[in-house]
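So the protein lines, in turn, are chains H and V.
All residue numbers for the first sequence refer to the working numbering, where the first residue is 1 and numbers rise by one.
All residue numbers for the second sequence refer to the working numbering, where the first residue is 1 and numbers rise by one.
The set of hints was computed from the structure by calculation and includes no laboratory data.
Small disclaimer: the values here were computed from a predicted structure and weren't measured.
Note that the Cβ used here is the ideal one computed from N, Cα and C, for glycine as well.
Just to be clear, a hint being listed does not mean it is correct.
Okay, derived cross-link-like pairs now, DSSO-like style, lysine-lysine, Cα gap no bigger than 27 angstroms in a straight line [to be verified]:
(1) V/116 with H/57
(2) H/136 with H/176
(3) V/12 with H/84
(4) H/136 with H/25
(5) V/116 with V/12
(6) H/25 with H/38
Which residues of chain H face chain V? A partial, calculated answer using Cβ under 7 angstroms [as the list claims (entries may be wrong)]:
(7) 3
(8) 6
(9) 7
(10) 25
(11) 34
(12) 99
(13) 101
(14) 104
(15) 179
(16) 206
(17) 240
(18) 242
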Amino acid sequence: MYEFQYHRATSLDDAASRLADEEAKLVAGGMTLIPTLKLRLAKPTELIDLAAIPSLKGITEEGDAVVIGAMTRHADVNRSDVVKRAIPALATLAGHIGDPAVRNRGTIGGSIANNDPAADYPAAVVGLNATVRTNKREIAADQFFTGLFETALQPGEIVTAVRFPKVAQANYQKFKNPASRYAIVGVFVARTPAGVRVAVSGAGACVFRVPAMETALAANFSPDAIKDIQIPQDGLNSDIHASAEYRAHLVNVMARRAVQACA
Amino acid sequence: MQRTVSLTVNGKPASATVEGRTLLVQLLREHLGLTGTHVGCDTSQCGACVVHVNGEAVKSCTLLAVQAEGANVLTIEGVANGDTLHPMQEAFRNNHALQCGFCTPGMVMSALDLVKDNPRPTDREIREYLEGNLCRCTGYHNIVLAIAEGAAVMRGEAPPANPHGVAAE
């Protein structure tokens with residue numbers, strides 16, 4: 001690791017003012033950032049730790065939605081009675097990120113701000129049509145994730161919470177890498193008040209929806225309705241773990257399993 | 001920039017002067033001489049570095065020492081009671097749940113984290129909980145037996161029969 005300064009922020013304003021230095025970086029749970037620093041893929045002058053800002057933690061119900069603070073850890077989402085009752089698929093997803101020790105540190109805000117192509121949370125945020133809250137505005141899920149490790153966040157903008165509409169009928173199926181537990185392909189299917197949504201993580205540079213599957217499932221919510229819908233392999237990830245062709249195939253398989261599990 | 005980190009390690013106050021980039025595992029091993037916590041993969045996959053921070057298992061190779069400022073840290077050195085092994089350690093010995101022993105400190109710390117929330121884990125739950133702890137010697141079979149036995153003894157029950165863990169299969 002390159003050397004850096006470390007600052008434990010005492011408030012959101014404190015963190016935001018420090019972030020005015022463009023060479024500074026926020027650290028949430030650090031489960032991705034610290035490995036990135038070890039590989040010298042990032043060289044921040046300062047790390048601004050968000051761990052001591054109480055307002056960023058916690059899970060609350062707001063009418064027909066569940067709001068999860070950015071610094072809420074995967075283990076907390078997994079164990080939350082509120083999430084288990086209102087959006088059981090989200091609690092289950094959180095319980096399969098990484099491993100138990102990673103889930104004791106990693107946070108939802110860190111995961112979505114990083115937008116790793118193989119992360120699990122982006123599929124849930126898009127699949128459930130959630131809203132990302134920042135210290136400046138609210139951003140709809142479909143506008144938040146913009147590309148490989150890219151989001152709509154502006155310089156100095158900090159994710160504060162994610163608002164998920166309550167959706168009882170939803171499921172996430174992940175074909176995971178057995179060592180890293182990242183998604184080789186993960187598919188989140190949800191029957192939301194606004195229609196069926198199918199969001200795919202792991203397969204491409206960034207989470208994406210499959211409109212053809214959503215239309216077919218709106219007409220007939222069954223695995224058979226989508227069995228012939230293959231997504232094109234052009235532009236999908238191809239690496240030592242899986243070829244683009246294999247990933248395209250897995251999208252269909254995981255989507256059918258997710259529909260089966262919801263139905 | 002150097003800074004002093006103060007924390008509690010195995011029940012005793014400890015402090016060390018470290019850089020921002022110093023990892024918790026480096027603080028434990030190199031500054032405090034607690035070499036029971038191992039570094040295997042250094043990529044947060046293998047779990048040889050698992051310690052408890054404020055009562056929860058974390059991978060100490062993926063936590064900065066400065067992030068643990070003020071924390072209560074438990075390492076494998078703090079598990080036994082003097083010369084008497086902790087029941088979980090004793091169960092690993094009874095069941096021949098280690099061969100080279102490199103992964104064992106992390107296995108024991110993860111096992112204690114599991115049993116804290118789930119005092120009566122099934123074999124399947126034990127296996128699922130160990131997904132972040134890799135062992136390249138044993139094939140996990142005896143580790144699973146050991147954790148089941150350790151959990152039973154911690155519940156105040158007698159160890160199950162077949163303490164040697166050499167199951168016929």
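Going back to the hint list, which numbers does this structure go against? As far as the earlier hints go, 2, 3, 9, 10, 16, 17, 18 are violated by this structure, in ascending order.
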